[in-house]
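Given only the sequences and the hints, what does the whole structure look like? Please build it.
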Amino acid sequence: MIFFQINTLFWINILLATSSGLLMTASFPPLNMSLAAYICWIPYFFAVRQCSFFLTIGLSVLTCLVHESILISWIIPTLTTQAKFSVQYSSFILFVISLIMSIWFILFGCVIYLVVKKPGHLFMLPFAWVGIEWLKQFGPLAFPWELLGYSQYQWIHLIQIADCLGVYGISGFVMLINVTGFIVFLFIVHRPWKKKYISKHLMACSLMISIGVMVFLNIYGVIRISETNDLIARSPHKSIMIVQPSVPQSEKWKGENRLPITQTMVHLTYKAKTGDVDLVVWPETALPYALHSKHKLRQYILNAQKHMNTGLVTGSPAFVYKNGQMHHYNSAYVINEKGIIHSRYDKVRRVPFSEYMPFYSLRNLWLSLGAPDEKFSPGRTGEIHQLNDFKMGIQICFEIVFPQYARQMANNGANVLINISNDAWFGRSACPYQHFSMAVFRAVENKRALIRCANTGISGFIDPWGRILMQTGLFEKIAMTQQVPLISHKTVYSRIGDCFAVGAVLFVLGWIICGLLLYAIRKKRPAWKPRQAFLGKNNYEE
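Using the UniProt record's numbering, you'd call the opening residue of the sequence shown number 1 and step up by one each time.
Keep in mind that the hints were calculated from the coordinates and are not lab data.
The beta carbon of each residue, even a glycine, is placed where N, CA and C say it ideally should be.
Warning: the hint list may mix true and false statements.
[Said to hold, decoys possible] FRET-style restraints, in silico, Cβ to Cβ:
#1 S250 <-> T274: 56 to 62 angstroms
#2 R191 <-> I100: 31 to 37 angstroms
#3 T274 <-> I341: 23 to 29 angstroms
#4 S293 <-> P358: 27 to 33 angstroms
#5 I103 <-> L259: 44 to 50 angstroms
#6 K200 <-> I14: 28 to 34 angstroms
#7 I341 <-> P248: 24 to 30 angstroms
#8 L302 <-> R428: 20 to 26 angstroms
#9 N257 <-> L55: 35 to 41 angstroms
#10 L259 <-> N388: 25 to 31 angstroms
#11 L469 <-> L259: 31 to 37 angstroms
#12 P236 <-> I106: 48 to 54 angstroms
Structure (structure tokens):
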């Protein structure tokens, strides 16, 4: 009977952890069930509340595997169609990536088991999760995809605090609501947290804190939107056109398609340019050849640019010979209205196993596993590219999911953010929608208009509040124009960066260090003997 109860409890915990992973995934595109983010951690918390260390770690891994394997399941069709891998091998790669991502969930599980000993300690979890999300952006395999705060990208008033705290502030708030919901749930069902029950005072305190923070965030949002509205009204406005050609990835790099692709770009631009346009933006690798070289199509595109009589930002590869070797770059070229290449931005954050090989000493191993032998060089961070009134902060592809790049550019003087991408790799999957949703936060954090131009979508215009003004469909062949403000004002986040997230890391580390010191002191302190203390040693020894 006892074995049956234990076995039942085990499977209940498995179900709870799985539920957390599913709810987490549902809060992001394409489902966009953003409210699910506020309860997604509660089943997991309930599952691990009285588990052993190893079971806590196991449930943490399971939650991550369920979440990540569904969230980024677009990897499977991408690898089968683009890399020609089998479905089985592509599924295995997805499993490995999800397993690597589970490191962060394991770390969170360790904090829960080793540090959160009392119900009141649960309030440390928002800080712990913020710190973990901040750490995700570092290292050669960094992939801070769809952090918890990104689930709220549609709630414009709520997310305005990102101009002080970044997306991490929203992640912390969402985790706070999860913790509060869990505390209230434990109180209602009268279940303990590690043998200690929830008091009325703790439940009331948690509700007051969460409601207070929620009210504050929304009031702050109303005020900031009003202030930003005045700022936008005082700022100069310029007309920007984005061109989405929707060239299939299978056709993009064929030599015979270079001229037709170039003609398509020019034709779409000419056709849509009915009035004055101050800047045209084409997507990443819109021109599948090195524009700076003596390629026969170079002069064609520069002559066409003269006739357009407007500035142009376009993606194109670059090959530069320096220091005795050839360097390859994934680049964006800035061309002025006279058809002269004004400047070039080289992509800084390269995609692992696509644009370069991390841990290059293992090159032979990666090649044997099917990784492409690509070696793009990184550019320089924080560059600003000025063309007339535009001071552009340009980011290519998934650089937009790393907050520090847009922040550095805004702090260096960028008055507009531009993200060019080629999401044709991912077909009609959830990836382009997820990619676009995260760009919203770069606009809010820095209070800059953000222009996103992707080969097959999703392209669009995002205003400094994070509102999506215009948005294309997937594989839609279209060009569209929008007036955008050029704002030079720097937000708190643009100036100080991730101080909130760093503070969260330091707070958790300080908590852990203090706990270890107290534990060490208690271990060394001799047991207190009452009779010895009051009667003295001689009187105690009879």
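Hint by hint, here is what the structure shows:
1. About 33 angstroms separates the C-beta atoms of S250 and T274, a value inconsistent with the hinted range of 56 to 62 angstroms.
2. Between R191 and I100 the beta carbon distance is about 34 angstroms. The supplied range of 31 to 37 angstroms therefore holds.
3. Taken as a hint, the range 23 to 29 angstroms holds for the pair T274 and I341, whose Cβ atoms sit roughly 27 angstroms apart.
4. In this structure the supplied range 27 to 33 angstroms holds for S293 paired with P358, their Cβ-Cβ distance being about 28 angstroms.
5. Between I103 and L259 the beta carbon distance is about 47 angstroms. The supplied range of 44 to 50 angstroms therefore holds.
6. At roughly 32 angstroms, the beta carbons of K200 and I14 sit within the given window of 28 to 34 angstroms.
7. A hinted range of 24 to 30 angstroms holds for the C-beta pair I341 and P248, which are about 28 angstroms apart.
8. Under the hint 20 to 26 angstroms, the C-beta atoms of L302 and R428, about 34 angstroms apart, miss the expected range.
9. At roughly 55 angstroms, the beta carbons of N257 and L55 sit outside the given window of 35 to 41 angstroms.
10. Taking the beta carbon of each, L259 and N388 are about 30 angstroms apart, inside 25 to 31 angstroms as hinted.
11. The hint said 31 to 37 angstroms for the Cβ distance between L469 and L259, and at roughly 34 angstroms that hint holds.
12. Checked against the given bound of 48 to 54 angstroms, the beta carbons of P236 and I106, roughly 50 angstroms apart, stay inside it.
The structure is inconsistent with the numbered hints 1, 8, 9, although it conforms to all the rest.
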